[in-house]
Amino acid sequence: MANGEFDAYLPQGSGYAIIIGGGSGFALFMLVLSWLQNKFTEMSPFENEEFSSASRSVKPGLVCSGIVSAWTWSATLMVSSLVVYQFGVSGGWWYGVCGTVSIVFFSVIASAVKRNANGARTFLEIVKARFGTPAHLMFLFYAIFTSLMVSAILLLGGSASISALTGMNINAATMLLPLGVIAFVIVGGLRSTFVSDYAHTTIVFIIIWLFVYTAFGSSELIGSPSALHALLVKAGEIAPVPGNHEGSYLTFHSKSGFVYAAISVVLGTATVFLDQSYWQRAIASNPRGTTKAYILGGLSWFSVPFAFGTTMGLSARALQTSPVFPTYPLPLSAAQQGAGLVAPAAAVALRGTSGAVAMLIITYMAVTSAASAQLISVSSIFTYDVYRTYWRPKASARELLRVAHAGVAVWGIWISVWCVILNAGNVNMNFIYYFCGTIIGAPVIPIMLVVLWPKLSNAALLASSAGTFLGLLAWLVTCRYYYGAINETLLVENYSSLAGSLTSLGSGAIIAVAVSLWKPDNYDFRGTRSIKLIKKDDALDDEESAAVPSVPASPHAPAGDDDDKKGDEDHKGEVSVDEKAVGSSAASSVGAPEHDAYTNPAPDDTDLLPADARRAFWVSAAIIIVIAVLVPIPLGSSNYIFSPGFFTAWIVVAMVWSFFAGFACIILPIWESRDALKRIVSGLVGMTSRKK
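Residue numbers (full-length UniProt numbering): 1 to 692.
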């Protein structure tokens, strides 16, 4: 400790125990759950649609819990604590804004998906149905790249934290973490990720509450918001924050904080709208509750970086001059901060060994819950957008399920190897986090417009990819001009990242809109609305397909004229749509033939979806204005330094917000699933009675 090293507080065996034991435990739990689900409910994880999209029946509470879990990366815990440690109170709020803005606005996209492409399993299928192969391949690259970067952030941050706390070899942690996730995802499919998300989110909130209570209630070192305020005033005198008003950690007037906010909003938006796992939750949700789930999920997730990041980041800053701090008498080094060790340091300083155990558990939960979402989403892309689209268009449902299982295993192993390579190159979580926005910012606005704007043209969509190259150019030029050199450290400095991210996002949006206005399309979404589900074990052969009448166009699609129809035919892809339908609308009813492999879905509440979309837009706009403008801008522009009373109120708001979020993620799913739980309990009781 005396030389600034972060010594392990737990034995190596504890790291292996939680990774191997936790993965095995969840896999066993999912085996039991899958058996119960298959025996006592209508859903079976052994059916293709249930494995990939949870039969599109998941209720808002569980979707909300899944969103919070999927967006609570190890980076959510580590980076939110880091930016609070570096910039002060504004860091946790801005980190929360970056994700919540994206999630709540995704409620608008989710409603549009339910209305215009309810049969899709991936957002890439929607792109292909509307724009064909070139656009599909372009977004296939962006989707895989996004998942690769997200997976790297998860594993690099998680393995570094586990290694620091236990002394476990970092490469061993990196290789072992995905294995247990692979097991329970293969066993349970997408619904298993929702259930594991629920369990993970419950544990995450309990541990957040534990640290909040310790810091502001029971700790002898802090014990109250007012005591922490006094320690932070002293910290600002010892190590003032460059760019903050009077160098204080208790102000929103932070130049670095504002720059970080801009970078993070781009990154947060990109990693939501280009991450298949968020589209998959929209696809899996019940149509009536889709927008409610995303708005509730965004508001609930905000409390994680706000409450946890504020507590751990400020505690680490306040206690770094105390002998209980892991690196005392030195502060955390730049390398230790970049590896995400601010939160573990605070945990150890606040609670000693029990804090290290709690941090180990919450890190494991954050990594595995988000990783499970990545595995199932990439598996769906491999299955439907690679294998079925380009290799075996007539693959049976059973064959597709096998491919999905293989995809989970292959991707899990690959990301382990990939992160070991990154570790060998000394590339840490912080570099990946700041680098992402430059690459994946360009297609963010175009992918929104795919489901929202009929005038978006094929040429505009393809041309928008130029934004990535412009972003890379701006990133490198700004780094060289502003900092005088180009290297790994300077490339993730604030202004380098800001230039790359904003240029990529802005140029991609401008190109897509400008080209579409110059030469607009006039799409009516009939092609995307007619993407079909795969319901039974085997796809029909050509003779059977020819014997079954075609499905008529959706009654909700505009009638259009001949030119419109021609435009649709020009753009349609090779996914299964009505024009190639293999069953009539009647064939998907109760009396459908057993061999019918495809159905054309339309949500029961289709007529309500336009109003739902409008409501989602206005609610999400109001939330964004409040959290991104009305709260931080006045605080930042006024040079206000939090008084002890205001700081206490700020901490109380963070606490209350986290409790309401916990209710939405823990209690609401149980209430919504009470009927299914009753059936399972009744079935088990009945089985026990019969045995007696």
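Derived from the structure by calculation, the hints contain no laboratory data.
Among the clues, some could well be false.
What the hints assert, rightly or not - Derived DEER-like restraints, expressed as beta-carbon distance ranges:
1. Y481 / F141: 51 to 57 Å
2. L452 / V681: 41 to 47 Å
3. K678 / I421: 45 to 51 Å
4. F659 / G21: 46 to 52 Å
5. E5 / G484: 27 to 33 Å
6. A17 / P323: 46 to 52 Å
7. L630 / L330: 38 to 44 Å
8. A514 / L330: 48 to 54 Å
9. I238 / G484: 27 to 33 Å
10. G21 / T321: 36 to 42 Å
Heads up, the beta-carbon is just placed ideally off N, CA and C, and yes, glycines get one too.
Handout entry: Satisfaction of the hinted span 46 to 52 Å by the C-beta atoms belonging to F659 and G21
Key = violated, 30 Å
Problem - Supplied distance hint 27 to 33 Å, evaluated on CB atoms of I238 and G484 - result: With Cβ atoms ~29 Å apart, the hint holds.
Problem - Outcome for the supplied range 36 to 42 Å, where the beta carbon pair is G21 and T321 - result: holds, 37 Å
Exercise for the section: Determine whether the Cβ-Cβ distance between A17 and P323 falls within the hinted range of 46 to 52 Å. Expected result: violated, 29 Å
Problem - Range hint compliance [Cβ, A514 to L330, 48 to 54 Å] - result: With a Cβ separation near 53 Å, A514 and L330 satisfy 48 to 54 Å, so the hint holds.
Exercise for the section: Could you see if the CB distance from L452 to V681 stays within 41 to 47 Å? Expected result: holds, 43 Å
Practice task
Using the beta carbons of Y481 and F141, state whether their distance is inside 51 to 57 Å or not.
Solution key: With a Cβ separation near 29 Å, Y481 and F141 fall outside 51 to 57 Å, so the hint is violated.
Handout entry: Distance restraint hint 45 to 51 Å, applied to the beta-carbon atoms of K678 and I421
Key = For I421 against K678, whose Cβ atoms are near 50 Å apart, the range 45 to 51 Å holds.
Handout entry: L330 and L630 - C-beta distance against the hinted 38 to 44 Å
Key = With Cβ atoms ~40 Å apart, the hint holds.
Practice task
Starting from the hint 27 to 33 Å, judge whether the C-beta atoms of E5 and G484 obey it.
Solution key: This hint holds: roughly 32 Å between Cβ atoms.
Figure legend: structure checked against the earlier numbered hints; hints not met, in rising order: 1, 4, 6.
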